[in-house]
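Chemist: Next come the chains, spelled out residue by residue.
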Amino acid sequence: MTKSGKRKFDGAAARNTKRRPSFRTILPALAAAALALGSPASVQAADPIKIGILLPLSGVFAANGQEALVGMKMYFDEIGNEAAGHKLELIIEDEQGKPDVAVTKARKLVERDGAQMLTGIVSSGVALAVSAFSKESKVPMIIAADGGVTELTVPGPLTNPYLVRTSQNGRTPSAVGADWAYKKQGWRKVSVIASDYAGGVDTIAEFVRNFCTLGGKAVQEQFPPLGTSDFGPFLTNVDRSVDAVVIFEPGADGLRFGQQYSELGLKAKLPLLDVYGQTVYEPNLPQLGDAALGVFSSLHYAAMIKTPENERFVAAFRKLTGKMPSDNGPDGYVGAHAIADAIKAVDGHLDDTMKFMAALKAVKFPSPKGDIALDSYGQVIQSIYIRKVEKVGGENANVPVADYHNIDQFWPGTVADYQSYEYKTTALKGSMTDCAKMTARN
Amino acid sequence: MSARSRNAIALAAAILVVVLALPHLLKPYYLGLTSKMLIFALFAMSLDLILGYVGLASLGHAAFFGVGAYTAGLLLLRAGVGNAIAFPAALVASTAIGAGIGLLALRARGSYLLMITFALAQVVWSIAFGWRSLTNGDDGMPGIPRPNFGWSLDNTTGFFYFVVIVVAIAALLLAMMVRSPFGLALRGIRESESRMQALGYNIWRYKFVAFVLASSFAGLAGVLYAYYNHFVGPEYLSVIQSAEALIMVILGGAGTLIGPAIGAAVIVFLEDFISSMSERWTLILGVIYVLVVLFAPRGLIGLFDDFRTRRARP
Amino acid sequence: MIWVIHTLNGISFGMLLFLMAAGLSLIYGLMKILNLTHGSYYLVGGYIGLTVMRLTGSFLLAIVAAIFVVALIGAAMERFFLRRFHLDELPQTLLTFGFLLIFGDLCLWIWGGDPIMIPKPSILAQSVPLGDYVFPLYRLFLIAVGLVVAAGLWWFQQRTRFGTMLRAGVDDVEIARALGINVSLLFTLIFALGATLAALGGVLAAPILSLYPGADFEVLILAFVVVIVGGLGSLRGALVGGLLIGLLDNFGKAFFPQFALFTVFVPMAFILSIRPTGLFGSR
Numbered sequence: 001m002t003k004s005g006k007r008k009f010d011g012a013a014a015r016n017t018k019r020r021p022s023f024r025t026i027l028p029a030l031a032a033a034a035l036a037l038g039s040p041a042s043v044q045a046a047d048p049i050k051i052g053i054l055l056p057l058s059g060v061f062a063a064n065g066q067e068a069l070v071g072m073k074m075y076f077d078e079i080g081n082e083a084a085g086h087k088l089e090l091i092i093e094d095e096q097g098k099p100d101v102a103v104t105k106a107r108k109l110v111e112r113d114g115a116q117m118l119t120g121i122v123s124s125g126v127a128l129a130v131s132a133f134s135k136e137s138k139v140p141m142i143i144a145a146d147g148g149v150t151e152l153t154v155p156g157p158l159t160n161p162y163l164v165r166t167s168q169n170g171r172t173p174s175a176v177g178a179d180w181a182y183k184k185q186g187w188r189k190v191s192v193i194a195s196d197y198a199g200g201v202d203t204i205a206e207f208v209r210n211f212c213t214l215g216g217k218a219v220q221e222q223f224p225p226l227g228t229s230d231f232g233p234f235l236t237n238v239d240r241s242v243d244a245v246v247i248f249e250p251g252a253d254g255l256r257f258g259q260q261y262s263e264l265g266l267k268a269k270l271p272l273l274d275v276y277g278q279t280v281y282e283p284n285l286p287q288l289g290d291a292a293l294g295v296f297s298s299l300h301y302a303a304m305i306k307t308p309e310n311e312r313f314v315a316a317f318r319k320l321t322g323k324m325p326s327d328n329g330p331d332g333y334v335g336a337h338a339i340a341d342a343i344k345a346v347d348g349h350l351d352d353t354m355k356f357m358a359a360l361k362a363v364k365f366p367s368p369k370g371d372i373a374l375d376s377y378g379q380v381i382q383s384i385y386i387r388k389v390e391k392v393g394g395e396n397a398n399v400p401v402a403d404y405h406n407i408d409q410f411w412p413g414t415v416a417d418y419q420s421y422e423y424k425t426t427a428l429k430g431s432m433t434d435c436a437k438m439t440a441r442n
Numbered sequence: 001m002s003a004r005s006r007n008a009i010a011l012a013a014a015i016l017v018v019v020l021a022l023p024h025l026l027k028p029y030y031l032g033l034t035s036k037m038l039i040f041a042l043f044a045m046s047l048d049l050i051l052g053y054v055g056l057a058s059l060g061h062a063a064f065f066g067v068g069a070y071t072a073g074l075l076l077l078r079a080g081v082g083n084a085i086a087f088p089a090a091l092v093a094s095t096a097i098g099a100g101i102g103l104l105a106l107r108a109r110g111s112y113l114l115m116i117t118f119a120l121a122q123v124v125w126s127i128a129f130g131w132r133s134l135t136n137g138d139d140g141m142p143g144i145p146r147p148n149f150g151w152s153l154d155n156t157t158g159f160f161y162f163v164v165i166v167v168a169i170a171a172l173l174l175a176m177m178v179r180s181p182f183g184l185a186l187r188g189i190r191e192s193e194s195r196m197q198a199l200g201y202n203i204w205r206y207k208f209v210a211f212v213l214a215s216s217f218a219g220l221a222g223v224l225y226a227y228y229n230h231f232v233g234p235e236y237l238s239v240i241q242s243a244e245a246l247i248m249v250i251l252g253g254a255g256t257l258i259g260p261a262i263g264a265a266v267i268v269f270l271e272d273f274i275s276s277m278s279e280r281w282t283l284i285l286g287v288i289y290v291l292v293v294l295f296a297p298r299g300l301i302g303l304f305d306d307f308r309t310r311r312a313r314p
Numbered sequence: 001m002i003w004v005i006h007t008l009n010g011i012s013f014g015m016l017l018f019l020m021a022a023g024l025s026l027i028y029g030l031m032k033i034l035n036l037t038h039g040s041y042y043l044v045g046g047y048i049g050l051t052v053m054r055l056t057g058s059f060l061l062a063i064v065a066a067i068f069v070v071a072l073i074g075a076a077m078e079r080f081f082l083r084r085f086h087l088d089e090l091p092q093t094l095l096t097f098g099f100l101l102i103f104g105d106l107c108l109w110i111w112g113g114d115p116i117m118i119p120k121p122s123i124l125a126q127s128v129p130l131g132d133y134v135f136p137l138y139r140l141f142l143i144a145v146g147l148v149v150a151a152g153l154w155w156f157q158q159r160t161r162f163g164t165m166l167r168a169g170v171d172d173v174e175i176a177r178a179l180g181i182n183v184s185l186l187f188t189l190i191f192a193l194g195a196t197l198a199a200l201g202g203v204l205a206a207p208i209l210s211l212y213p214g215a216d217f218e219v220l221i222l223a224f225v226v227v228i229v230g231g232l233g234s235l236r237g238a239l240v241g242g243l244l245i246g247l248l249d250n251f252g253k254a255f256f257p258q259f260a261l262f263t264v265f266v267p268m269a270f271i272l273s274i275r276p277t278g279l280f281g282s283r
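Protein chains in written order, with the working numbering: chain A, 1 to 442; chain B, 1 to 314; chain C, 1 to 283.
Isolated chain A, as found in the complex (with noise of 0.2 Å):
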């Protein structure tokens, strides 16, 4: 799992270079020459093709680009890291989260490593950040680890012709849940919390606005900071006549969150829907125990899927690392399933982008996550499940209970619905409560 096997090869061909030839120097040569080609059937060099991946390594978000490494490179490892007859070359770089690091960091990849496109991608600065890049330099870039911010792959300024992303996007778990919630539990009142920074607005107002069109109504809105130990007063602070509590906390905060909210009592009396599966998160599972059961969830992932496709992903990845995955494994596995199948597309030529871009936006394919396509903005259409957590052969795991598919980002509306609400969803806290705001239109 490392990334210095690059390196050693470009050592071993440069150190060999440099001596006169000889025998001793020519076999060493030969062999490395052979490792780099793969299997005898291609000995003809093709050029390999570099696919740069910049992911959080260190920091707050380095569970999450781990994993979607491991799931990345299980992919790439399963077809033989070929594709069209190009060696795929990984070249790996830490972002650590930091959008001024990652520009940095693509700016390596492209210019000094020869990069020809760039994926990977976990938060939503760095998402932004590189896509200015990406757009500016051309390169393609295929958002694989999360980088959920809706406004990329939407028409208006951020757009970006050399993207796509195949991981999902802020509003779908949230428009999802909200349908769930008013049509298949009848919740018509509820609380929301959710944490104080761009992403946890735009998530839980989505969730509120599409509830709010159905008819529901959230009769309260609060929004701790992100780092938030102490949960204590917002949830003292919990209307109970609600019909339930809808959230969205990141992290650690997410960890904190799911105790406290059983602790201080709340879990007994109210039910609690998890938009994104946050707290619920697989590796927080373990650690909540009891007090994470019957928590509802939305997103794009569980790992308790019954389909072949999935089933035979789970058990090779927890073979692999011990432990169940997040949806961050399968992200990275579709992604680099995409880029291969788009590699395959256009014959592993990648001079023209604009027929690179129109195949990556053409992939379809059964995935671990459910069946994956690409809208005409580049976004993925894939499903969204409403998970419970439940014990399954004496652990606990999120298990889907509502299926929904063929999501699209704009769902359950088209592009012109999305794009005609008169408030962006960032702007929106502090008026969630306010229906007639909340779906106002221009």
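Watch out, some of these pointers could steer you wrong.
Subject to a maximum C-alpha distance of 16 Å in a straight line, what follows is the list of computed EDC-like cross-link-like pairs (lysine to aspartate or glutamate) [what the hints assert, rightly or not]:
| no. | chain 1 | residue 1 | chain 2 | residue 2 |
| --- | --- | --- | --- | --- |
| 1 | A | K361 | A | D290 |
| 2 | B | K27 | A | D403 |
| 3 | A | K138 | B | D154 |
| 4 | A | K267 | C | D132 |
| 5 | A | K364 | A | D408 |
| 6 | B | K27 | A | D113 |
| 7 | A | K391 | A | D290 |
| 8 | A | K87 | A | D341 |
| 9 | A | K388 | A | D403 |
| 10 | A | K135 | B | D154 |
| 11 | C | K32 | C | E174 |
| 12 | A | K306 | A | D408 |
| 13 | A | K269 | C | D132 |
| 14 | A | K183 | A | D403 |
| 15 | C | K120 | A | D290 |
Derived from the structure by calculation, the hints contain no laboratory data.
Nothing here was measured: the structure is a model prediction, and the numbers come from that model.
Following the hints, position chains B and C against chain A.
Modeler: Frame of chain A; chains B and C shown alone:
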């Protein structure tokens, strides 16, 4: 012409040759990295003015860096003005914030100053992070355009020359400042405030002016960084960024101007280089810092000085 | 009743803050070192406690192990690294920052990037009914521990010979040395004690806050805030500052959630403007 001026001109000529040659010697990526090194060299030098020359330790210097970057970003992206207005406005804004924080913080000394500057910088950060409708919060503002003087700065070489010119002028100004009577007074204050006071100097006023000047230069570095990345985000204002500046100054050698510039270049390069080599780059960087402290407690410049004096002795 | 809950929440969080800040303040008071590695002591202590808890199931053993190991690390750091830079702030800053990076990455390497909570010991894992609400017993436990530690530190400072030597050293190191006090040993022991308090904070906080990469920086910032408010070098300041920030944070978030981000920094800035050295700081 004296030997000293001849040496200075020779040095300047050599530097000019190197600067002109670099774009032809380095790959575009490394040329870009050099621009980044120059930008942070300026940032570090601005901190050295107050840390090295006056003895004021600030853990909030990134506030000025960030305010410069954000002002430029906001004016360019939200108000739609051009760089002709945005660039100077950014400098004015960071200077104003510098004056504000200086007024509130400079009564304190030593570790208390460190903490107050940290606290006030955190407030500025909270505003950038929290005022989402204005700054886009933690997503940051991408798409910041570089200035256009007829010669485009959008290619690496053009931007490199721009940064070299700006940083060289700034560095020259800073060097002139520290050699002037004003600079000497600052050093006097660092040595002994009571003595300077007895000599009739208005200590607070000197500290304040130095602080404000430092904030302007930091703001300049911030704008350059915003141009470099075409982007600004709350990380520009974070305590981590302030701590990095402090580390650059200390590593290079406080109170020398050239030391912190070198420290900044070394750290920018090391961070980039090591993080591509190993996943454990933070660990390696930490070990390097510890080793530097053990073997070069006066910083890299101190090491260089020791080496020179040791060679001079028979 | 809801006020009682908010108050108890605030006090329990405040006690955690006190534990985190006390060590920083203690070390500064005597040695004038602003120890940036303090955040690492918290995190390393927490992770060691986690591992011991997983191996033995004993929370008590986890605490003891964490304290022991981190005390050794602290003592070693002081004795072999920091001692030669006595009163030299800049090298100290770079040194402690370097160690902060080293320990942070070691923790990421060994324990991974996912947030982990130490499981609460079963006797403390229940919730106590309070009117219409329930309150976790563990938080009441935290309040108790905080009070015991505060009392212990006070007794140690005021009533033991060692504490007297500490107070002498804080007042004037030269005179203390002249009086025959083994100042070097004192320094090492106090540094170890400060590290211990941070490690204790780490283990006690982990069941509530969880351990994750970056927690070391976050704790350092929080400890800074408490020490700013309470005053550098004052244990009383760390306690009062911790409680004050804990309560302000809680009530602020409960009643002014729009400004949740500011409920910590605004009181800090306010106190700084009227008393730059903090509530109980000297000079």
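Chemist: With the threshold set at 16 Å, check whether the alpha-carbon distance from K269 of chain A to D132 of chain C stays at or below it.
Modeler: holds, 11 Å
Chemist: Could you grab the alpha-carbon distance between K27 of chain B and D403 of chain A and see if it respects the 16 Å cut-off?
Modeler: With a Cα-Cα distance of about 51 Å, the restraint between K27 of chain B and D403 of chain A is violated, given a limit of 16 Å.
Chemist: Mind checking the alpha carbons of K364 of chain A and D408 of chain A for me, to see if they're no more than 16 Å apart?
Modeler: holds, 14 Å
Chemist: With a cut-off of 16 Å on the C-alpha distance, tell me whether K183 of chain A and D403 of chain A pass.
Modeler: holds, 14 Å
Chemist: Within a Cα-Cα threshold of 16 Å, do K27 of chain B and D113 of chain A meet the stated pairing?
Modeler: Measuring from Cα to Cα gives roughly 11 Å; hence the hint holds.
Chemist: Would you check the hint for K120 of chain C and D290 of chain A, treating anything up to 16 Å between C-alpha atoms as holding?
Modeler: It holds: about 13 Å lies between the C-alpha atoms, which stays within 16 Å.
Chemist: Given the hint that K87 of chain A pairs with D341 of chain A, does the C-alpha gap stay at or below 16 Å?
Modeler: holds, 14 Å
Chemist: Mind checking the alpha carbons of K391 of chain A and D290 of chain A for me, to see if they're no more than 16 Å apart?
Modeler: Since the Cα atoms of K391 of chain A and D290 of chain A sit roughly 9 Å apart, the hinted pair holds (cutoff 16 Å).
Chemist: Between K388 of chain A and D403 of chain A, is the straight-line Cα distance small enough, at 16 Å or below?
Modeler: holds, 12 Å
Chemist: Does K306 of chain A pair with D408 of chain A here, judged by a C-alpha cut-off of 16 Å?
Modeler: Status violated; Cα separation ~22 Å.
Chemist: If you draw a straight line from the CA of K138 of chain A to the CA of D154 of chain B, is it 16 Å or shorter?
Modeler: Status holds; Cα separation ~14 Å.
Chemist: Take a quick look at whether K135 of chain A and D154 of chain B sit within 16 Å of each other, Cα to Cα.
Modeler: holds, 13 Å
Taken one by one, the earlier hints fail for this structure at numbers 1, 2 and 12, listed in ascending order.
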